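**Student:** Numbered as in our numbering, the sequence shown ends at 162 without a single skipped number.
Simulated from the structure, these hints should not be mistaken for laboratory data.
Bear in mind that the values here come from a model prediction, so they are computed numbers and not experimental data.
Yeah, the Cβ is synthetic: ideal placement off N, Cα and C, and Gly gets one too.
A couple of the hints might just be wrong.
As the list claims (entries may be wrong) - Derived pair list, reagent style SDA-like, types lysine to any residue, alpha-carbon separation capped at 20 Å:
1. 110 - 64
2. 110 - 62
3. 110 - 153
4. 110 - 143
As the list claims (entries may be wrong) - Cβ pair distances, simulated, as ranges:
5. 36 - 146: 37 to 45 Å
6. 152 - 36: 17 to 25 Å
7. 122 - 150: 34 to 42 Å
8. 34 - 136: 17 to 25 Å
9. 22 - 160: 13 to 21 Å
10. 110 - 72: 30 to 38 Å
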Amino acid sequence: MSSRTALIPDQLRWSAEHVPDELAFVVDGVGSITHAQWHATSSRLAHGLIEAGVQPGDRVALVLRPEDGLAFVQTYTAIHKAGGVAVPVNIRMSPAFIEGVLKHCEPSVTVVGESLSQLTAGVSWESLLTDDDTDIQVERDSDDLAEILYTSGTT
8 MSSRTALIPD QLRWSAEHVP DELAFVVDGV GSITHAQWHA TSSRLAHGLI
58 EAGVQPGDRV ALVLRPEDGL AFVQTYTAIH KAGGVAVPVN IRMSPAFIEG
108 VLKHCEPSVT VVGESLSQLT AGVSWESLLT DDDTDIQVER DSDDLAEILY
158 TSGTT
């Protein structure tokens, strides 16, 4: 890789190598993942995103419930590994707001939680999983967009 600012996946690579079996993320009442599991699954998802047509700089919307936190962190990291731009969507907003966000950001892929398919069309994170967990990082420049956040206008 060329000289650039470290990315979130770079930090995950380091922890997967140095502390692979330590807990990395826990969602109360749902489960947990280690650094090695997070790294492997996010790589599988990154390959799936690329197979789904995600190109560097493409927006990938995340429409997931708080209970889908494990899927969120793994998919969010995968988006960065695939060179995409993460667009987390606040599901507590009105359906019209969510529709407006998705229309405005024009995602190439929308990842939708199983129980949220009534909000918008998209693919499940599980459907993006491939068998290929080899490490991947699509090259990005330090000034490339990484994430787009939409707010309700209040702080």
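**Student:** Are any of the numbered hints broken by this structure? If so, which, sorted upward?
**Tutor:** 4, 6, 9 and 10
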